[in-house]
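Residue strings, one per chain:
2 protein chains.
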Amino acid sequence: MRKWENNIRKVMPYTPGEQPQKAGVIKLNTNENPYPPSPRFARLLEEMQSGDLRLYPDPDAGSLVNAIADYHGLLPEQVFVGVGSDDVLAMAFLTFFHSSKPILFPDVTYSFYDVWADLFGIPYERPALKADFTIAPEDYYRENGGVVFPNPNAPTGIALELPAIQDILEHNRDCVAIVDEAYVDFGADSALALIDRYDNLLVVRTFSKSRSLAGLRVGYAMGNPLLIKYLNDVKFSFNSYTMNQPSLYLGSRAMEDEAYFQETLRKIVNTREWAKEELKKLGFIFTDSKTNFLFARHPDYPAREIFEALREADIFVRYFDKDRIRDYLRITVGSQEEMDALIRFLKNYTHGR
Amino acid sequence: MRKWENNIRKVMPYTPGEQPQKAGVIKLNTNENPYPPSPRFARLLEEMQSGDLRLYPDPDAGSLVNAIADYHGLLPEQVFVGVGSDDVLAMAFLTFFHSSKPILFPDVTYSFYDVWADLFGIPYERPALKADFTIAPEDYYRENGGVVFPNPNAPTGIALELPAIQDILEHNRDCVAIVDEAYVDFGADSALALIDRYDNLLVVRTFSKSRSLAGLRVGYAMGNPLLIKYLNDVKFSFNSYTMNQPSLYLGSRAMEDEAYFQETLRKIVNTREWAKEELKKLGFIFTDSKTNFLFARHPDYPAREIFEALREADIFVRYFDKDRIRDYLRITVGSQEEMDALIRFLKNYTHGR
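So the sequences go chain by chain: A and B.
Take any residue in the first sequence, count from 1 to its spot, add 73: that is its number in the numbering used here.
Take any residue in the second sequence, count from 1 to its spot, add 73: that is its number in the numbering used here.
By construction, these hints were calculated from the structure, which means they are not laboratory data.
Please note: incorrect hints may appear among the correct ones.
Claimed, not checked - Straight-line Cα separation of at most 30 angstroms, BS3-like style, residue types lysine-lysine; simulated pairs: (1) A:K302 - B:K349; (2) A:K420 - A:K354; (3) B:K83 - A:K174; (4) B:K95 - B:K349; (5) B:K340 - B:K420; (6) A:K420 - A:K395; (7) A:K174 - A:K302; (8) B:K76 - A:K174; (9) B:K354 - B:K395; (10) B:K174 - A:K174; (11) B:K95 - B:K395; (12) B:K354 - B:K203; (13) A:K395 - B:K302; (14) A:K76 - B:K302; (15) B:K302 - B:K349; (16) A:K83 - B:K302; (17) A:K395 - A:K95; (18) B:K395 - B:K203; (19) A:K302 - B:K95; (20) B:K340 - A:K83; (21) A:K203 - A:K354; (22) A:K349 - A:K302; (23) B:K174 - A:K76; (24) B:K174 - B:K349; (25) B:K340 - B:K302; (26) A:K353 - A:K302; (27) B:K302 - A:K95; (28) B:K174 - A:K83; (29) B:K203 - B:K349; (30) B:K420 - A:K302; (31) B:K420 - B:K95; (32) A:K302 - B:K340; (33) A:K95 - A:K420; (34) A:K395 - A:K354; (35) A:K95 - A:K349.
As the list claims (entries may be wrong) - Pairwise CB distance ranges, derived in the manner of DEER restraints: (36) B:E150 - A:G97: 44 to 50 angstroms; (37) A:R377 - B:N139: 31 to 37 angstroms; (38) B:K76 - A:P236: 47 to 53 angstroms.
Small disclaimer: the values here were computed from a predicted structure and weren't measured.
Note that beta-carbon positions come from the ideal geometry of N, C-alpha and C, so glycine has one too.
With these hints in hand, go ahead and build the complete structure from the sequences.
So, in structure tokens, the structure goes:
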């Protein structure tokens, strides 16, 4: 080892789902939206002026912040934006979890939480989900340096209802509590209505799933202006201009076509519920996902084997080789056609039982 | 103060130069390129497909990494990319300066260095530039946790020649040394040729200045594959997808039009040298800048007053109210027309002396 390696921060990075470059693949592994953004986007792209690229973007991301604030009926001072919700969450961990007490998040949850905690040297504890993979609010009553959980949770897809969220918040007034709502638009209760009541509550959202804009990298957080100010201070201590011109220009227009948005949500939810019925017929066991993915296992076939067989057939789903969930597959809800192909494959695989 | 504020990381953020939204302003305050990117970019924008935005970008940013590696004759494993060189440098501070020994950078330099050090809790010392604002290599002989300096330095504009850079590197084999070459294309020696000799040397560049793409947010680092691997591990522990699709798509094509690039460089350098002559006639004192900005003071007029008078006339330059440099203005080299207007104003301001 070289001597200079002594000074290096060594980490175990998060592994994102594969982005196969091959054409013709059915991609159900990273929870992307099967439907493109509103057709209006083609015109927006045409209207972008390449000459403007010589100038720095607005460091305050004003156009995007204002559009998000307007959509949710908030003040711009209540909105923070970042390069996807991962950037927002990374900044939030760095800003709000600056304590020697452990932060709390579920043992089975978004697998980036422990990576950020390790990166920034934040101590943490992971209360175990109940056997049915639901969060027990009372596990979050103990003293801590902060709380973070996704709602619905990932990769389980299970949602907490508002009274349970509020129960957790009531027991956590002295630290920052983050509710990560990456998937909330697909049918769960939002904690957004609570940000006026809890000044320590940060609600995080993304354009990557329900808004069909994973390629643009836009995420945001909502909370009281003091939380947002602290978050912006850290952001401005890291990178003045995180949002590039295309993400500001396109992102600030992304919430305009509400009818199209609701229509794609409806289609995905319908396909999800149809797929649950079909998986049930094939003997799969799964959670009651309120997201755009399914979390399923089959009592007779190891998940890893199904995963590999699907991959051979150019159908990509996600498999996590981790305690408690290595029997499960996480399957993004694709278009009806993609899910037809998936179910056809699984019918064949399970011999039509 | 709320109790939850105890757990918050409190920082003094970097303040970026103003991005006035007003039209008709002469903007010489953030070292943007006065010339737009190659006319080819208009067609590239037209060719972007909005439907693709539903998919995550390639987390390895392969197309961009390959284009940069090809341009510089390197392996892709020697290149790291980020959201502007600020993102690259922030990640590099977090990765490489993980030591209890102080890192070293000049007292007068890019004012983000101490902000990153404070954010990440990195101890630092700032050897003073000599009276003429040049770096003394022997100040970097002492034991340290890392070394970072811009070449040319900012906001002084003064460049170190290759033997002096090598002198610093020779005395720093046991830590990572970063040479921040944001402005190198405007006429300084690059340390790039040394990355094969010094496996602890990281050279950082940006598309924001010479490449006319500040609005796209693309920066990069070059070094030996082990350095780049450590940097990517931290990046993948922070945000899997930092580079959005537009920055990958446009960025990977940004180095194709070499003739146009050389032509804009030539124009900026010519305008810079012309402006030096004109400033001299007006009694200004300035460094021999090798960048796309001038660093100048006038013995008879306080810099802050000139700054404010220029601002009144809608000519934005940069003023830093800091020790040793509060007598100076940093003036971006704009187009010949913009610099004509600046010089006309200053002629009038200094009564044509």
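Results of checking the hints against the structure:
1. A:K302 - B:K349: Violated. A:K302 to B:K349 sits at ~42 angstroms, over the 30 angstroms cutoff.
2. A:K420 - A:K354: With a Cα-Cα distance of about 9 angstroms, the restraint between A:K420 and A:K354 holds, given a limit of 30 angstroms.
3. B:K83 - A:K174: holds, 17 angstroms
4. B:K95 - B:K349: With Cα atoms ~28 angstroms apart, B:K95 and B:K349 stay inside 30 angstroms; holds.
5. B:K340 - B:K420: Roughly 23 angstroms between the alpha carbons, so the hint for B:K340 and B:K420 holds.
6. A:K420 - A:K395: holds, 26 angstroms
7. A:K174 - A:K302: This hinted pair holds, its Cα atoms lying about 23 angstroms apart.
8. B:K76 - A:K174: Holds - the C-alpha atoms of A:K174 and B:K76 are around 14 angstroms apart, at most 30 angstroms.
9. B:K354 - B:K395: holds, 27 angstroms
10. B:K174 - A:K174: holds, 26 angstroms
11. B:K95 - B:K395: holds, 28 angstroms
12. B:K354 - B:K203: With a Cα-Cα distance of about 26 angstroms, the restraint between B:K354 and B:K203 holds, given a limit of 30 angstroms.
13. A:K395 - B:K302: holds, 25 angstroms
14. A:K76 - B:K302: holds, 16 angstroms
15. B:K302 - B:K349: violated, 43 angstroms
16. A:K83 - B:K302: Since the Cα atoms of A:K83 and B:K302 sit roughly 10 angstroms apart, the hinted pair holds (cutoff 30 angstroms).
17. A:K395 - A:K95: Distance of about 28 angstroms is within 30 angstroms: holds.
18. B:K395 - B:K203: Holds, at roughly 17 angstroms.
19. A:K302 - B:K95: holds, 25 angstroms
20. B:K340 - A:K83: violated, 45 angstroms
21. A:K203 - A:K354: holds, 26 angstroms
22. A:K349 - A:K302: violated, 43 angstroms
23. B:K174 - A:K76: Judged against 30 angstroms, a Cα distance of about 14 angstroms means the pair holds.
24. B:K174 - B:K349: violated, 41 angstroms
25. B:K340 - B:K302: Since the Cα atoms of B:K340 and B:K302 sit roughly 38 angstroms apart, the hinted pair is violated (cutoff 30 angstroms).
26. A:K353 - A:K302: Distance ~48 angstroms between A:K353 and A:K302 Cα, so the pair is violated.
27. B:K302 - A:K95: holds, 25 angstroms
28. B:K174 - A:K83: Between B:K174 and A:K83 the Cα gap is close to 17 angstroms, so the pair holds against 30 angstroms.
29. B:K203 - B:K349: Holds. B:K203 to B:K349 sits at ~22 angstroms (cutoff 30 angstroms).
30. B:K420 - A:K302: violated, 43 angstroms
31. B:K420 - B:K95: Distance ~25 angstroms between B:K420 and B:K95 Cα, so the pair holds.
32. A:K302 - B:K340: Cα-Cα ~42 angstroms, so violated.
33. A:K95 - A:K420: holds, 25 angstroms
34. A:K395 - A:K354: holds, 27 angstroms
35. A:K95 - A:K349: holds, 28 angstroms
36. B:E150 - A:G97: 44 to 50 angstroms: violated, 29 angstroms
37. A:R377 - B:N139: 31 to 37 angstroms: The hinted range 31 to 37 angstroms holds for A:R377 and B:N139, with Cβ atoms some 33 angstroms apart.
38. B:K76 - A:P236: 47 to 53 angstroms: For A:P236 against B:K76, whose Cβ atoms are near 24 angstroms apart, the range 47 to 53 angstroms is violated.
Checked against the numbered hints given earlier, this structure breaks hints 1, 15, 20, 22, 24, 25, 26, 30, 32, 36 and 38; the rest are met.
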